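Asks: Chains as they are written, first to last, in the numbering used here: chain A, 1 to 231; chain B, 1 to 272; chain C, 1 to 128.
In short, the hints are calculated from the structure, not lab data.
Be aware that a few hints might be false.
[As the list claims (entries may be wrong)] Taking lysine to any residue and the SDA-like style, the derived pairs with C-alpha atoms no more than 20 Å apart in a straight line are:
id	chain 1	residue 1	chain 2	residue 2
1	B	192	A	13
2	B	266	A	73
3	B	192	A	184
4	B	147	B	160
5	A	230	A	184
6	B	7	A	102
7	B	267	A	16
8	B	4	A	106
9	B	7	A	87
10	B	4	A	104
11	A	125	B	9
12	B	78	A	132
13	B	266	A	10
14	B	4	A	102
15	B	267	A	54
16	B	4	A	73
17	A	129	B	272
18	B	266	A	61
19	B	267	A	106
20	B	7	A	89
21	B	266	A	52
22	B	192	B	271
23	B	4	A	89
24	B	267	A	13
25	B	4	A	230
26	B	78	A	83
27	B	4	A	70
28	B	78	A	124
[Claimed, not checked] Far from chain A, by Cβ distances over 10 Å, these chain B residues were calculated:
id	residue
29	54
30	65
31	69
32	86
33	89
34	94
35	123
36	127
37	130
38	132
39	137
40	147
Everything numeric in this text was worked out from a predicted model, so none of it was measured.
Beta carbons are placed, not taken as given, at the ideal position from N, Cα and C, and that holds for glycine.
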Amino acid sequence: MPVLECKGLTKRFGRTAALDEVSLTVEPGRIVGLLGPNGSGKTTLIKLANGLLTPDGGYIAVCGTAPGRESHSLVSYLPERTAIPTWMTARQLLDFYGDFYQDFRREAAEEMLDHLGIQPRQAVKQMSKGTREKVQLIMVMSRAAKLYLLDEPIGGVDPATRDYILSTIIGNYNPDAAVVISTHLIADVEKVLDEVIFISQGRVALQSTVDGIREEKGMSVDALFREVFKC
Amino acid sequence: MLRKLLKHEFRATGRIMLPMYLILLVTAVGSNLAGRGMLDGRYHILNILGVLIITAFGIAICGALLMSFVLMIQRFYKNLLQDEGYLMFTLPASVHQHIWSKLIVSSVWFIVTVLAIIAASLVVAYQGGFLRELLDFLRYFLEGLRKLEVSEAFNGTIYLAEFAVLMFLSLVAFSLQFYAALAAGHSQANHKLLWSVVWFFGIQFALQFAGSLLIIGSNELDVFNRLFSHWDPSPTVAIHVGLLMAIGCVIIYGAIFYAITTFFLKKHLNLE
Amino acid sequence: MQWQFSNDAPIYTQLIQQVKVGIVTGAFPPGERLPSVRDMATEAGVNPNTMQRALAELERDGLVYSQRTAGRFVTEDNTMINTAKRSLAERHVKTFLEAMLRLGFRKDEIIDLISKEFGEEEADHASA
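With these hints in hand, go ahead and build the complete structure from the sequences.
Replies: What follows is the structure, given as structure tokens:
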């Protein structure tokens with residue numbers, strides 16, 4: 001059973017269609033890149049999969065059910081913005097995730113926080129922007145979810161943090177789960193991905209495997225992306 | 001799940017309200033001491049200090065009331081409609097549970113704040129023999145109530161319960177007015193707060209209008225006269241009926257806001 | 001172990017090459033256990049499925065073998081490692097020659113250049 005499935009999915013804001021008849025599937029065990037320029041509909045798709053938006057047409061299912069309370073316990077979501085409450089300390093954050101998610105691996109999270117040198121009594125407020133993003137990612141990746149939806153996990157961070165984030169994603173890989181990473185920084189994530197979905201002006205322009213593209217076209221996904229989305 | 005939401009909601013708000021109560025208590029004790037001789041004018045500095053402490057107590061009362069109001073709005077706005085909303089609305093919890101956790105917690109803080117102010121005022125008024133007087137008063141009050149119960153079939157406990165329910169539901173409905181306006185305003189793409197204000201006054205106006213229509217309509221149809229020409233309740237029953245009708249009205253009023261809030265949070269959530 | 005990738009070839013073929021180099025140079029010594037797929041993928045910064053695919057290919061070639069529970073091991077067969085070494089060397093020579101021929105060198109000129117280069121190296125060693 002696919003962990004994420006869309007058929008003819010449409011979402012409009014006013015008169016403009018942010019997503020226009022999008023159909024795609026993501027199978028378990030895959031790390032999939034959702035690639036497209038800014039404003040192409042990546043975030044809209046991820047928000048729909050999280051039930052933060054309601055579709056205007058078509059169908060979207062996560063682990064076989066429509067996004068909602070049930071799917072939320074199976075999906076681990078990294079929003080584009082830092083959403084963790086800033087007044088909480090690291091320990092309170094661990095309590096929070098542990099209380100609400102049965103699949104939360106507290107020890108794994110503690111180990112990763114410790115590795116970053118974050119004290120349990122340190123408040124999110126006192127952390128730098130980069131550290132907050134790392135902490136949020138640690139919380140998200142510490143869940144044994146069926147689907148990870150990561151919206152721009154490496155946008156706006158320095159290259160060292162970027163490496164840390166990508167190795168955290170690989171290090172927590174689970175063959176039963178799928179990871180969807182939305183980004184426009186393709187060169188950085190390309191090696192981490194099994195598959196890519198190009199999304200352009202609310203439509204799926206291409207879905208293929210990374211090595212398939214390299215084999216057939218003799219060029220990297222990044223180079224192909226630049227060709228497809230040439231301004 | 002509601003229990004867990006409540007736990008974290010109390011955690012988030014308690015860190016602000018509990019220190020408020022502590023300030024209230026400290027300034028109350030200070031005011032009590034100030035009242036015992038600081039103000040008799042022998043020493044100018046003590047005099048000023050006494051006035052300052054009592055002023056601080058007054059400010060602490062206003063602060064606690066204001067803070068319970070601000071928190072009620074701020075928690076809904078910041079925790080659900082701002083960035084934290086991305087975290088909250090992807091928890092395995094329903095929109096209903098989110099709304100109720102906010103409603104219950106803010107109502108509890110309103111009630112605790114009022115009780116804390118009463119307690120603090122008693123602390124200020126406390127002097128030798130005060131406690132005995134207070135207990136005496138309460139005993140007279142309860143005795144009087146019991147006599148009434150015997151002679152007039154007056155059930156004080158039920159009145160108090162009805163009154164408490166009415167107060168709680170009024171608090172809930174009061175908070176829901178703001179939730180509904182915020183939820184509706186934030187479904188817009190831009191100027192979300194401005195739209196919230198517009199919605200707030202829009203809903204108020206619509207309800208006033210509907211209420212007026214209802215009153216005019218019932219006057220026209222002579223509902224009350226018809227009702228009471230067939231039914232002549234005793235005063236004690238009439239109070240019950242009055243309280244229950246008030247409760248009914250508050251429930252209808254609150255339910256309208258509740259429906260608006262859930263509609264927008266479920267179908268038209270539009271986080272920035 | 002240094003992992004480097006070019007943009008023009010599939011990642012799994014590049015992984016096969018680099019693990020081979022690791023085995024030939026002794027970064028992964030004969031008979032030693034390889035790290036887990038996840039650890040190797042994390043270290044190389046690549047997708048675990050791609051690493052798995054590359055290792056499966058190496059297993060088919062016989063350079064690594066797996067034991068059901070203990071994991072994957074480098075072969076102890078030295079002839080096999082030497083064959084791999086030789087084929088890697090041949091590949092380098094081939095690309096080198098292609099580049100030289102494209103630059104317009106003839107066979108004898110190339111040999112001449114190489115022996116001169118070696119001669120200088122020997123002189124360097126002698127003076128040091």
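Asks: Work down the list of hints and note, for each, if the structure agrees.
Replies: Each hint, compared with the structure:
Our distance criterion of 20 Å between C-alpha atoms is met by residue 192(B) and residue 13(A), whose separation comes to about 15 Å. Between residue 266(B) and residue 73(A) the alpha-carbon distance is near 18 Å, which keeps this suggested pair within the 20 Å criterion. For the hint linking residue 192(B) to residue 184(A), the alpha-carbon distance of about 29 Å lies beyond 20 Å, and the restraint is violated. Pair hint residue 147(B) plus residue 160(B) holds up; C-alpha atoms about 16 Å apart against a cutoff of 20 Å.
Distance restraint check for residue 230(A) and residue 184(A): the Cα-Cα separation of roughly 14 Å lies within the 20 Å cut-off, and the hinted pair is therefore satisfied. Of the supplied pair hints, the one linking residue 7(B) and residue 102(A) holds, its CA atoms being roughly 17 Å apart against a limit of 20 Å. With a CA separation close to 19 Å, the supplied pair residue 267(B) and residue 16(A) stays within the 20 Å bound. As the CA atoms of residue 4(B) and residue 106(A) are separated by approximately 17 Å, the hinted pair is consistent with the 20 Å bound.
Using a Cα cut-off of 20 Å, the hinted pair residue 7(B) and residue 87(A) holds, with the two alpha carbons roughly 16 Å apart. Restraint check for residue 4(B) and residue 104(A): the C-alpha separation of about 15 Å stays at or below 20 Å, so the hint holds. A threshold of 20 Å between alpha carbons decides the hint, and for residue 125(A) with residue 9(B) the separation of about 18 Å falls inside it, so the pair holds. Restraint check for residue 78(B) and residue 132(A): satisfied, since their Cα atoms lie roughly 18 Å apart, inside the 20 Å limit.
Of the pairs offered as hints, the one joining residue 266(B) and residue 10(A) holds, with about 18 Å between alpha carbons and a cut-off of 20 Å not exceeded. Between residue 4(B) and residue 102(A) the alpha-carbon distance is near 13 Å, which keeps this suggested pair within the 20 Å criterion. The hinted pair formed by residue 267(B) and residue 54(A) meets the criterion: a straight-line CA distance of about 6 Å does not exceed 20 Å. At roughly 15 Å between alpha-carbon atoms, residue 4(B) and residue 73(A) fall within 20 Å of each other, so this suggested pair holds.
Distance check on the hinted pair: residue 129(A) and residue 272(B) sit about 19 Å apart at the alpha-carbon level, within 20 Å; holds. The suggested pairing of residue 266(B) with residue 61(A) holds, with an alpha-carbon distance near 17 Å, which does not exceed 20 Å. For the suggested pair residue 267(B) and residue 106(A), the alpha carbons sit about 34 Å apart, so the restraint of at most 20 Å is broken. Under the criterion of a C-alpha separation no larger than 20 Å, the hint pairing residue 7(B) with residue 89(A) is consistent with the structure, at around 16 Å.
Between residue 266(B) and residue 52(A) the alpha-carbon distance is near 9 Å, which keeps this suggested pair within the 20 Å criterion. Between residue 192(B) and residue 271(B) the CA atoms are separated by roughly 10 Å; this keeps the pair inside 20 Å, and the hint holds. This hinted pair checks out: residue 4(B) and residue 89(A) have alpha carbons roughly 18 Å apart, not beyond 20 Å. Taking the CA atoms of residue 267(B) and residue 13(A), the gap is near 14 Å; set against the 20 Å cutoff, the hint holds.
Of the pairs offered as hints, the one joining residue 4(B) and residue 230(A) is violated, with about 50 Å between alpha carbons and a cut-off of 20 Å exceeded. A threshold of 20 Å between alpha carbons decides the hint, and for residue 78(B) with residue 83(A) the separation of about 11 Å falls inside it, so the pair holds. Of the supplied pair hints, the one linking residue 4(B) and residue 70(A) holds, its CA atoms being roughly 17 Å apart against a limit of 20 Å. A hinted pair counts as satisfied when its Cα atoms are at most 20 Å apart, and residue 78(B) with residue 124(A) qualifies at roughly 16 Å.
With a least beta-carbon separation of about 33 Å from chain A, residue 54(B) lies farther than 10 Å from that chain, consistent with its non-interface assignment. No beta-carbon of chain A is positioned within 10 Å of the beta-carbon of residue 65(B); the least distance is around 22 Å. Even its closest Cβ contact with chain A, about 20 Å, leaves residue 69(B) beyond 10 Å, as expected for a residue assigned away from the interface. Distance check for residue 86(B) against chain A: the nearest CB is about 4 Å away, which does not clear 10 Å, and the non-interface claim fails.
The non-interface label for residue 89(B) is inconsistent with chain A: the shortest C-beta to C-beta separation is roughly 6 Å, within 10 Å. With a minimum CB-CB distance of about 5 Å to chain A, residue 94(B) fails to clear the 10 Å threshold, and the non-interface call is violated. Non-interface status of residue 123(B) relative to chain A is upheld: no Cβ of that chain comes within 10 Å, the nearest being about 30 Å off. Every C-beta of chain A lies more than 10 Å from that of residue 127(B), the closest at about 41 Å, which supports listing it as non-interface.
Listed as a non-interface residue, residue 130(B) keeps its Cβ farther than 10 Å from every Cβ of chain A; the least gap is roughly 40 Å. Residue 132(B), annotated as away from the interface, keeps every beta carbon of chain A farther than 10 Å; the closest lies near 45 Å. Interface exclusion of residue 137(B) from chain A stands, the closest Cβ pair being 43 Å apart, more than 10 Å. For residue 147(B), the requirement that its beta carbon stay farther than 10 Å from each beta carbon of chain A is met, with the minimum near 51 Å.
Of the numbered hints given earlier, the model fails hints 3, 19, 25, 32, 33, 34; all others are met.
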